[in-house]
Every structure is written in structure tokens, then in C-alpha cells.
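**Q** Now for the letters of each chain:
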Amino acid sequence: MRACDLISIFPDARLVGDKDFVIKGVGAASTAAPDSICFIEAEKYLEGFRKSASRAWIISPQIFDSLEQRIKNERIFFVTEKPYDSFVRLVNHLFPARKSKPGIHPMAFVDPSADVHATAEIHAHATVEGGAKIGAGVILYPGVWVGENATIGENSILYGGAKIYHGTMIGKRNILHAGCVIGSDGFGFIPDKTGLLKIPQIGKAILHDDVEIGANSTIDRGTIEDTVIGRGTKIDNLVQIGHNCKVGENCIMCAFVGVSGNTTIGNNVLLAGQVGTKGHMKIGDNTQVGAQSGVSKDVPPNSKVKGYPPQPLKEYLRLQALIQKLPEIYKRLVKLEEEKS
Amino acid sequence: MRACDLISIFPDARLVGDKDFVIKGVGAASTAAPDSICFIEAEKYLEGFRKSASRAWIISPQIFDSLEQRIKNERIFFVTEKPYDSFVRLVNHLFPARKSKPGIHPMAFVDPSADVHATAEIHAHATVEGGAKIGAGVILYPGVWVGENATIGENSILYGGAKIYHGTMIGKRNILHAGCVIGSDGFGFIPDKTGLLKIPQIGKAILHDDVEIGANSTIDRGTIEDTVIGRGTKIDNLVQIGHNCKVGENCIMCAFVGVSGNTTIGNNVLLAGQVGTKGHMKIGDNTQVGAQSGVSKDVPPNSKVKGYPPQPLKEYLRLQALIQKLPEIYKRLVKLEEEKS
Amino acid sequence: MRACDLISIFPDARLVGDKDFVIKGVGAASTAAPDSICFIEAEKYLEGFRKSASRAWIISPQIFDSLEQRIKNERIFFVTEKPYDSFVRLVNHLFPARKSKPGIHPMAFVDPSADVHATAEIHAHATVEGGAKIGAGVILYPGVWVGENATIGENSILYGGAKIYHGTMIGKRNILHAGCVIGSDGFGFIPDKTGLLKIPQIGKAILHDDVEIGANSTIDRGTIEDTVIGRGTKIDNLVQIGHNCKVGENCIMCAFVGVSGNTTIGNNVLLAGQVGTKGHMKIGDNTQVGAQSGVSKDVPPNSKVKGYPPQPLKEYLRLQALIQKLPEIYKRLVKLEEEKS
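Residue numbers (the working numbering), protein chains in the order written: chain A, 115 to 455; chain B, 115 to 455; chain C, 115 to 455.
Check each hint, because a few of them may be wrong.
No copy labels: a pair is met if it fits in one copy or bridges any two.
[Unchecked claim] Result set (SDA-like, lysine to any residue): computed pairs, CA atoms no more than 20 Å apart in a straight line:
| no. | residue 1 | residue 2 |
| --- | --- | --- |
| 1 | Lys196 | Pro415 |
| 2 | Lys307 | Asn400 |
| 3 | Lys396 | Glu161 |
| 4 | Lys158 | Lys411 |
| 5 | Lys286 | Lys439 |
| 6 | Lys439 | Met221 |
| 7 | Lys186 | Leu447 |
| 8 | Lys312 | Phe209 |
| 9 | Lys165 | Gln183 |
| 10 | Lys396 | Ser410 |
| 11 | Lys196 | Gln183 |
| 12 | Lys307 | Glu363 |
| 13 | Lys411 | Ile443 |
| 14 | Lys133 | Arg287 |
| 15 | Lys158 | Ser410 |
| 16 | Lys133 | Leu310 |
| 17 | Lys411 | Leu427 |
| 18 | Lys392 | Lys418 |
| 19 | Lys213 | Gly131 |
| 20 | Lys439 | Glu429 |
| 21 | Lys196 | Arg128 |
| 22 | Lys247 | Ala232 |
| 23 | Lys312 | Leu208 |
Read the hints as simulated data drawn from the structure, not as lab findings.
Looking at chain A on its own, in the form it has when it is part of the complex (with noise of 0.2 Å):
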């Protein structure tokens, strides 16, 4: 590919230098082959960007002005304000997601009664159960099994082991990684003469269109009512939603996040790595909440807390500060206490 040939990709952007320089690949500034094309978007990379072979960049402009003009004579540069996201765009034009090849392998079972679309792609040892609805352009990997009238929309990926249970609905192109648990029991038990009684989930788990969910995440179905995962919520590894949680759309949760049940989670959230919520709560609408934080009380949109309780974001640092800060605190106290005796 061509240099030149790259701008219909970011058009946006002005390249300088050799418009027929030929690229070859995507790389990091430490590792790239000279005819790879890498990014810079920000000062403290610029000792691996000159020590770099690469010799074609995507670049801020700050940062292009300020190189000599010898570099800027030997590299080839395609120079926009946002260099990465320049960059993913290509990235994701060089490497499209996977599209399914039809078929149906001997080793999967398909049970009769289920209904999968000529297009899908089901592999070896995946299994799709009574009732369920596969459709077009799916890819099953090994090892997923797909519940009793379940359905997965179209062009999802389900990698190997995905668990989806019966019932449950997965949206349209939905990524879901290995080993993930979709529509298993909420967790919920009262006590009984004998022990601990299990309180039946016979609510669904549904995941809207565009959600990915990461390798061995866990989301319950719901007790009665259902839980509900948002359009382009994008959830990392060993993440836990509990029953009936509603979350809304554009959402991020980052590894080891806790979502207890019946909490509902607005639209543009974001929750930070090993945060925990308690049952019940609302968290509002573009709210971001700081990592291992314990939501025990509801948080409002749009605001940026952290803590145990959350708190503001500004006010849970001072508090840090002043924790640090404690050892100062008790030697100025005895001097007091001194100065008085």
C-alpha cells in the first residue's frame, strides 16, 4: 500500500514526504520494520520514535514542528491532532474483523429443532441446543455451547467456551470471549428450616447489539424481571454483573468489576478495575467511578468519584493527602499537648 493511498483512511490528515513510499505493515516504534507504519502522539515517546526503524509515522502537529528538518526529510508523515485514533482506523482497515465460512462442522451438534443460518460457522465441538436460534454470519468457536432456545444475532462472535444458557438473547455483532458465562443463575437463597432455600432465577440475561464481553466474565439471568446489558457496553475479563441489572449503552467496566444485583448503571459509565457496587444502587448517566472503589450509596450522572464511599473525585483526594499527611498531624498534636504541659 502506497502512502498516498493511506490518506482516503484519515483524510484528515496531511502527509509529508515520499507519496509513494510503500507500506507494508502496523508496528511499535521499538520492534517496527522500516516499511511499517507507526504513531506519536505525545513528547515523552520521542527517544523511541528517533531510536525507531520505522520510517513512516502518524503524528501530532506539535510534535512534527518540533522535529529537525533532517528527520523530517527522511521519514514519511501523515501529521493530524489525533495520531492514535488515526492509527486504530487504520488498524481496523487492515485487519477487518473475521467473517464467518459457512458450515456447520461434523464434530458440533446442532440439535434438529434449533435454527442456524446458512452463513454461520460453527466448529468443532460447539454445541447448539433445542430451540436455538443462530444467525447469519455467527461464528462458533470450540467448546461453546448454546443453550435451550437461546439466540445469537447476527455476525457475533462467540469465542472458544463461551457459555450462553438457555434462553438468553445475545444481540448483533456482539464479541464474546473465551470462557464466558452468559444467563447463569443470580445469586439469591433465604433461609429455610434445612438450610439455605435457592430462590429460582427465571428471569433472561439480554445482551443488546455491539456489547463485548471479555474472557471469563460472568452475567446472571435475571430472578423474575431480566438483566439488561446496554448497546456498545464493552465489559473486560473476570467481570461479574449480578441478576436484573439494567446497564445502559457505551458502557466500560474494567477487569474484576463487581456489579451486585438490581443495580442499574446509566449510559457512558465507566467503572474502574475491582470496583464493587452493593445491591440496589444507581449509578447516573457519564459517570466514571475511580478504581476499587465500594459504590455503597447511589452516584449521580455525570460525576467522578472514588472511595469506599464514593465520594468526589477532588474531595476523596484531599482526603488521601491528609491521610499521608497523618503522622505530621500527630507529631503537631504532641507539640501541643507539650507547649500546654
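Let chain A serve as the given structure and place chains B and C on it in line with the hints.
**A** Structure of chains B and C alone, referenced to chain A:
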């Protein structure tokens, strides 16, 4: 099912209204059909109750007494002290645990030396290895792996991809959710000239009767002795139990609980979400440990603790309140200092 | 095995007692049979030692010297400075890692273009996809998925349902426990007009020799460069390693450790349970991070740290002690104020 027929399920309830009203299902207040039955237990749900289309309700006497006569006339009520418990009993009655459909699917693999009861249901792509024993009424969903010489007690259900290492013993009526792993090696190494030498894990993992294990949870086998989970204990998704732990009966462990090796936990213990324990700890009977706590010392029986290290709940809350008060404390200290000078 | 035959396994030990005593197994003090061998390393286990039925013991010189002559006469002793290390060596001798039983089960699926060594053992319902390479002596248990062009080094063991994405490289003598996922997509998105645009993850995951990965742990592939786990590193159950991380040799990571993307970890690093790291952090060689810490800034080599942010262990402990003292500090402040007025 007519309203009067339900009385046999919750004999403590008093039926008010049309005894012949036909109930066709259960529901949540906001989405239930008119002929579904719902419950209301707390006043804060009164608005949802009023707006609901559902006509049949399980209700507490306090809330029932507070209603206008008009509503009392319009709907059918089961008045009882514990509406939720009655509701759960009803759901259990309507949705009993599924019974096995006896048979081994031709795409399952059962080693000739395994002993599978004639009433067990073995799905496609399940594996039962040599010497394993599968009890009456057991259901093994697709992708389940039962290792050599493992035993599964009668009427247990293993959902898709549950993995049982060799020699593991699972009791009766266990529910093992998708992707859980029972009997994996404990985590133990000693430094060696060449790096870290693995300590072989030759004990077993033993789950007694009526245990439930959540999706993708992991329970390690013992080193020399065994790891044991007591009768009736319920474990949520993504929980880890280390080697040689002894967990008592009717315990509840929420998501992301991590119990380090050689920990002893009594009966009726509750570990809330994200609690971690140091190795070799003891937690007494009937104790509750609050979310995100770090159990770095033994916890006596009959206590409620929280924090890291765990403190009695009241002390913990007092301390947290003081921490929140630090900005004020600091100001008051500065004021004293200024007055001094 | 006679007692005198064991000396070859721990040549440093001194044998006291009947050299011809026949040892038939190993055990824990409380449950061992008389002809099983146990160890005792600390005085606090002396009561268990006295009550034990076991007659053969590995023991430290200090404890041995403290025993009454009567007990010295009744039992057989291997006296050595490191009883536990000797015990582990013995267990390794008695229970060596299982060797593969060569062969591909007829219910396994191996793509014709895969290269499986003749000595590998491939169980029912394991899958080896196109272009993958399985080394000598490898064992793939049921439900293992080896994706396209992945390589598994010789004598590695993959337990039930371990999942290896395309292109992943696993070294020699790896032990990958049930349900772990290696090479899943890293978690990266950029905001887009329509929501969140996925950043394709086209790097690899590379595990060097002698790595052990716990059950249901997840290791993401790199974005452009690779995710790398160094030789001899041991990872517990339910651990998450993000994309592009470089982990050194002989590290230990306990359950629920979450290493965010682009983190660099040196050699011989210990991360205790539930430690989380921010992305792009550096943790130096030989460093230990205490349980539940949040690594929000770089940690230098050869340090012991704890807390969030991580602090030197001594400072952390001093600070925690002061926090516990807050009620007293507050009282003393109030007293000063009262005396003032």
C-alpha cells in the same frame, strides 16, 4: 391455578378477594401481566404496586392495612408476614428443578471403566473419564469434564463446561455452574536453585451435599490433606477457595471472595463481595465479614466485622466517620496552633 | 520404600531410628497412617506431632533435640535444617508429573494442517486448529481449544477447557489449568461517532518455559507488540494480565491480581492477592506488593510495599497504626480545645 389453590403452598397466608381468580404466572411489579402474581414487602415499593397491571399480590399485613378500600376491592391478596419468602416458595413450586432425561448422547465420551447411573443425562461433548462415578439423576451439560475417579452424587447438575479434576468428590444435589473448576492444583512453590519448585498437590477437593458453586469459580484440591466445602454452602460466581481450606455448612460467599490456603471457616458464615483472607486464618461460626474486607487475623464466632484488618462493625464505622472528618480535624488543629502563637 | 532408601532424596538429612522401616506414603499429621511420613518445622505443631499416628518424620534439629528420649526411640526421624523443602522433594519424587500416553482420541478434532508430535496425548473433545503445533509429550485434556497457528512447547499440560487463541506461543513444561484463557483480545476502545470503536488486538501472547497458570486466569494478547510472561513465573487462579504487559522470570501472582495493560514487571516479583495495577506502571526486580494494594505509581526494585498508593511497608504499617489511633487523637484534640476555652 386458582387463587384458593395457592393456599396450600403458603398456609400462613390469609386470602382476601376473589378465591377463583386464575393466576397464570409470577412477575415483577413493573412488567407483570394482570394474571401474574407479584409480592410487596416494603413501603418504598408502593408506587410500583399502584402502577402495576398485576391483580394478585402477596403482601404484608402492615402494607395491606394501609391500602384504600378501593384497591383492596380491586385486587386479590395473600396477606402474610413474610411476603418474599412465600413468593419464593411459590416460584419453587411452579418452577421445580429440572429432572434428568436419562441417556448418554452419542457425541458424549464416557470411558468404558466409568460408572454412569442409568438415569443420568449426559449431553453432547461432555466427558467422563476412567473410573469416574456418576450418580442417579445427574445432568452433565455440554463441555463438562469429569476427570478420572471423580464422583458426582445423585441429582447434581453440572452446567456447560464445569470442570472436575481427577479424584474430586461432589455430593448430592450440588449445582455447579458453567465454567467452574473443582479440584485444580493448589498454589504452592518453594524456591529452588533453578527457580520455583512446584509442591505437588495430591489431596482432594470434597464438596458435601446441597452445595452450589457459581460460574467460573475455582476450588483447589488439597496439598496432602483435602479441601472441604460443607453441606448447604452457597458460593457465587468468580470466587476462589485455596488448597486445604475447610469451609463449614450453610455459608454464603459473594463474588470475588478469595479464601487463601489453609483457612478454616465455620458454619453459617457470610463473606460479602471481594473479601480476601490471608492464609491459615480461622473465621468462627455465624460470622459476617463486610465487603472488600481483608481478613488478616482470626475472626471470632458470632461477630460482624469489616475493614483491613477486620474490626467489629461499630468500631469500623466510627473509624470511617473520623476519617471523613479529617479535614475538619486538621482545621481545628491549625486553629489551635495559630491561637498558640 | 525403606527409610534408608529415602536418604538419596534428601542427602542433607540425618536418619535416626529403624533404617529398615517401610514407608508407604506421605501424610498430614492429623490423618496420616502409621507408615506414612510427615514433617514438622515449627514448635506450634508439636501437639499435632505428638497426637499423630505417623511413625516417620522429617524434622528440624531444634525440634528433634527438644524431644523426650522416649519419643526419639519410638519413631524414625530425618533430621534436616529445612524439613518442608525435604518433604516437597520427597513428594515430587513419589508423585512425578504424569507422562503423556501418546495418541489422539477418536473424538478429538485435529485439523489436518496441524502438526501434532507422535508422543502427544490428545483427549476426547480437545480441538487443535489449522497450523497449530503441539510438541512432544504434550497433554491436552478434554475441551482444550488450541487456536490456529498456536504452538505448545514440549511436555506442557493443558487441563480441561484451557483456551489458547490463534497465534499464541506456549513454552516448554507449562502447566495451564482448567478454564484459563491465553491470548484473548486486550481491552481497548476509542470514542467514535457511533459509540466505542474497537482497537484491533493483533499482537500475540507469549509464555516462556516453566510457566504455570491457574484455573480461569486470563492473559490478553498484545495490541501491536506482544504480551510476555517470563520463564518460571507462576500465576494463581482468577488472575488477569492485560495487553502488552511484560512480566519477568520467577514471579508469583496470587488470586485476583489484576495487571492493567502495558505494565512492566521485573524478575522475582511477588504480587499478593487482589493487588491491582494501573496501566503503564513499572515494578522492579525482587519487589513484593502486599495484598489488596493499588499500584498507582512505579515501584522500585528490591522493595516491599503495600497500600494505595503503594508505600514502603514500614511507612504503611506506621500509617495504619495512626489511623487506628484516630479516635484517641480526636479525643486529645478536643481536650486541648476545651482547655483553651
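**Q** Does each hint hold? Answer for all of them.
**A** For each hint, the structure was consulted:
1. Taking the shortest Cα distances, Lys196 and Pro415 never come within 20 Å of each other, neither inside one copy (28 Å) nor across copies (35 Å).
2. Taking the closest pair of Cα atoms, Lys307 and Asn400 come within 20 Å of each other only across two copies (16 Å); inside a single copy the shortest separation is 45 Å, beyond that limit.
3. When the C-alpha separation of Lys396 and Glu161 is checked against a cutoff of 20 Å, the pair qualifies only between copies, where the shortest distance is 18 Å, while the shortest distance within a copy is 46 Å.
4. When the C-alpha separation of Lys158 and Lys411 is checked against a cutoff of 20 Å, the pair qualifies only between copies, where the shortest distance is 17 Å, while the shortest distance within a copy is 39 Å.
5. With identical chains, the CA atoms of Lys286 and Lys439 are never at most 20 Å apart, being 52 Å at best within one copy and 50 Å at best between copies.
6. Proximity of Lys439 to Met221 under the C-alpha cut-off of 20 Å is found in neither arrangement, the shortest distances being 65 Å within a copy and 65 Å between copies.
7. Proximity of Lys186 to Leu447 under the C-alpha cut-off of 20 Å is found in neither arrangement, the shortest distances being 61 Å within a copy and 59 Å between copies.
8. Taking the closest pair of Cα atoms, Lys312 and Phe209 come within 20 Å of each other only across two copies (11 Å); inside a single copy the shortest separation is 47 Å, beyond that limit.
9. Taking the shortest alpha-carbon separations for Lys165 and Gln183, only the intra-copy value of 16 Å comes in at or below 20 Å, while the best inter-copy value is 72 Å.
10. Taking the shortest alpha-carbon separations for Lys396 and Ser410, only the intra-copy value of 10 Å comes in at or below 20 Å, while the best inter-copy value is 27 Å.
11. Within a single copy, Lys196 and Gln183 get their C-alpha atoms no closer than 22 Å, and across copies no closer than 66 Å, so neither meets the 20 Å cut-off.
12. In this assembly of identical chains, the alpha carbons of Lys307 and Glu363 lie at most 20 Å apart only when taken from different copies (14 Å versus 43 Å within one copy).
13. In the homo-oligomer, the alpha carbons of Lys411 and Ile443 never lie at most 20 Å apart, since the shortest distance is 30 Å inside one protomer and 25 Å across protomers.
14. In this homomeric assembly, Lys133 and Arg287 never come within 20 Å of each other (Cα to Cα): the closest approach is 36 Å inside a single copy and 49 Å across copies.
15. In this homomeric assembly, Lys158 and Ser410 come within 20 Å of each other (Cα to Cα) only across copies, at 19 Å, whereas the closest approach inside a single copy is 39 Å.
16. Within a single copy, Lys133 and Leu310 get their C-alpha atoms no closer than 72 Å, and across copies no closer than 31 Å, so neither meets the 20 Å cut-off.
17. In this assembly of identical chains, Lys411 and Leu427 lie within 20 Å of each other by CA distance both inside one copy and across copies; the values are 15 Å within and 18 Å between.
18. Taking the shortest alpha-carbon separations for Lys392 and Lys418, both the intra-copy value of 18 Å and the inter-copy value of 17 Å come in at or below 20 Å.
19. For a Cα distance limit of 20 Å, the shortest separation of Lys213 from Gly131 qualifies neither inside one copy, at 35 Å, nor across copies, at 59 Å.
20. In this assembly of identical chains, Lys439 and Glu429 lie within 20 Å of each other by CA distance both inside one copy and across copies; the values are 15 Å within and 12 Å between.
21. Taking CA atoms no more than 20 Å apart as the test, Lys196 paired with Arg128 passes inside one copy only; the shortest distance there is 12 Å, against 68 Å between copies.
22. Taking the shortest alpha-carbon separations for Lys247 and Ala232, only the intra-copy value of 12 Å comes in at or below 20 Å, while the best inter-copy value is 31 Å.
23. With identical chains, the CA atoms of Lys312 and Leu208 are at most 20 Å apart between copies only, with a shortest distance of 13 Å across copies and 50 Å within one.
The earlier numbered hints that this structure contradicts are 1, 5, 6, 7, 11, 13, 14, 16 and 19.
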